[in-house]
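Participant: Next come the chains, spelled out residue by residue.
Protein chains: 2
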Amino acid sequence: MNVIFIGAGNVAWHLASLFSEKENLEITHIWSRTKENAEILKEKIDKKSIQVYHSLEGLDFSKTDADLAILSIADNAFESVLSKLILPKNCILAHTSGSQPMQMLQKASQNVLGEKIEKIGVFYPLQTFSKAKQVDFSQIPFCIESNDKEIEEKLFTLAQECSEKVFKVSSKDRGILHVAAVFACNFSNYLWTISETILKEKKLPFDMLKPLLEETLQKALEINPSNAQTGPAIRNDKKVIEKHINMLEEMNLDDNFCQIYRLMTESIQNK
Amino acid sequence: MNVIFIGAGNVAWHLASLFSEKENLEITHIWSRTKENAEILKEKIDKKSIQVYHSLEGLDFSKTDADLAILSIADNAFESVLSKLILPKNCILAHTSGSQPMQMLQKASQNVLGEKIEKIGVFYPLQTFSKAKQVDFSQIPFCIESNDKEIEEKLFTLAQECSEKVFKVSSKDRGILHVAAVFACNFSNYLWTISETILKEKKLPFDMLKPLLEETLQKALEINPSNAQTGPAIRNDKKVIEKHINMLEEMNLDDNFCQIYRLMTESIQNK
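Taken in order, these protein sequences are the chains called E and V. Just so you know, we're using our numbering here: the first sequence kicks off at 38 and counts up by one. Just so you know, we're using our numbering here: the second sequence kicks off at 38 and counts up by one.
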């Protein structure tokens, strides 16, 4: 399979690296709005024959022999990229986004006449990716979707070559998983950033919290988070809660820290 | 050392179990407001000679030969328990709370005349404890404090018998660590509970998020949370954010979910 990567961000970075190790997959083109990102990814894959593009005009791939185009770009770039994207007739277009409905892909064309692309699907790895951090794909759940049984099977098989955990998931359910993932991943990480900020301000090492973070997660995985809640909020320990809010106000690091403390406490108590 | 446990909650449960395995420590008494908790803990330790008390009058230990009393109760019970607690003159009183100042302990007495207790300290394991979940004490940071050098050393040595990570920490710094821990542990766990609730509502398995949770933490531990933020908020992806809020409103599970989504998103963007 000849594969085009459209996008060279965090997801594309890891997925393209993985694909480049597979004998049956050949990355032929990388497009990224940021030329540098595409060049760095090409370098990482270390394959000179890869062609790199970065202008919107460079999105006309109609003359290539691509079998699969992986669209892995920021959600807010979908419209502009898809409106310019032209793929050969038999090329499958699959995106890697948690929140974009599959049908969105039909804004791409399969020829210069602007005929709608037919072979579409989703190839969504439910994971957080940063370039600086290696990941083990074998344990990442892949959510696969297509409007065509045959394409779905192709994408499913491809995902199975990447991971042990492959699921057929509708656009609607993928959206639900994505919003749940934002709470579980992005927002949790931000809470840890608050902790880091508080400790840094008082010159205390963030390392002291690491065993707590690990145990908190292990416990949640073992007995489920709804059974694992501890702390002053669930005990309704008003004095401690008040003391914490006073401390946060005195530190005066960020007004939102206090607001988050109050709202989270109230929510835990309303449960 | 003869040790009294005042409290039989989550922390006391694990600490008393650990102490009972040490040859140089002898648990002689367990007090808990809830008689059943004290009895269950006694049973777990499996030592018939332990005496169990649960009434406030049972807090007069003046006639025992205790060397150390571990006060491990809810923060909001400190006042009432300490006002009744009487310990032999040479007994050290140490609490296990993250948020209570050490001086609070001077509300206990060292004899029936109500003379203030002198030998006080803090023995705080910075970890989340639930009875249902075993913990590895060797990696738990212990925060030690005392008003007396000799007692501090005693508590420090005792903590070193429990863990590789023992620190001398002032009441003020312990308070900072505790509020940081509430964000990092209690509030994160609640975010995961929200994810669990959302997925359950739509009959999607929480298990699908587990690799994401693990990777999110591993990444934060490796490159620090402030360098690990991903997601629609940090990308300022307005359409996805709006879509998520609409989904949460439609699901109508808990008004706070929407509020938390908005506030966390705004905070990440203000960073």
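Note that these hints are calculated values from the structure, not bench results. Don't be surprised by glycine CBs; every beta carbon is placed ideally from N, CA and C. Honestly, I wouldn't trust all of these hints.
Unchecked claim - Residues of chain V placed beyond 12 Å of chain E at every Cβ, according to the derived structure:
id, residue
1, Leu55
2, Glu73
3, Glu80
4, Glu94
5, Asp102
6, Glu116
7, Gln143
8, Glu187
9, Asn264
10, Ile282
As the list claims (entries may be wrong) - Label-pair ranges, simulated between beta-carbon atoms:
id, chain 1, residue 1, chain 2, residue 2, range
11, V, Asn283, E, Ser117, 20 to 28 Å
12, E, Asn61, V, Lys239, 31 to 39 Å
13, E, Glu116, V, Pro138, 38 to 46 Å
14, V, Ile260, E, Asp83, 19 to 27 Å
15, E, Glu286, V, Glu152, 45 to 53 Å
16, V, Val149, E, Asp244, 28 to 36 Å
Participant: Give a verdict on every hint.
Facilitator: Results for each hint:
no., hint, verdict
1, Leu55, "holds, 15 Å"
2, Glu73, "holds, 18 Å"
3, Glu80, "holds, 22 Å"
4, Glu94, "holds, 25 Å"
5, Asp102, "holds, 33 Å"
6, Glu116, "violated, 9 Å"
7, Gln143, "holds, 18 Å"
8, Glu187, "holds, 25 Å"
9, Asn264, "violated, 8 Å"
10, Ile282, "violated, 9 Å"
11, V:Asn283 to E:Ser117: 20 to 28 Å, "holds, 23 Å"
12, E:Asn61 to V:Lys239: 31 to 39 Å, "holds, 35 Å"
13, E:Glu116 to V:Pro138: 38 to 46 Å, "violated, 57 Å"
14, V:Ile260 to E:Asp83: 19 to 27 Å, "holds, 24 Å"
15, E:Glu286 to V:Glu152: 45 to 53 Å, "violated, 37 Å"
16, V:Val149 to E:Asp244: 28 to 36 Å, "violated, 46 Å"
The structure fails to meet hints 6, 9, 10, 13, 15, 16 from the earlier list, while all remaining hints are met.
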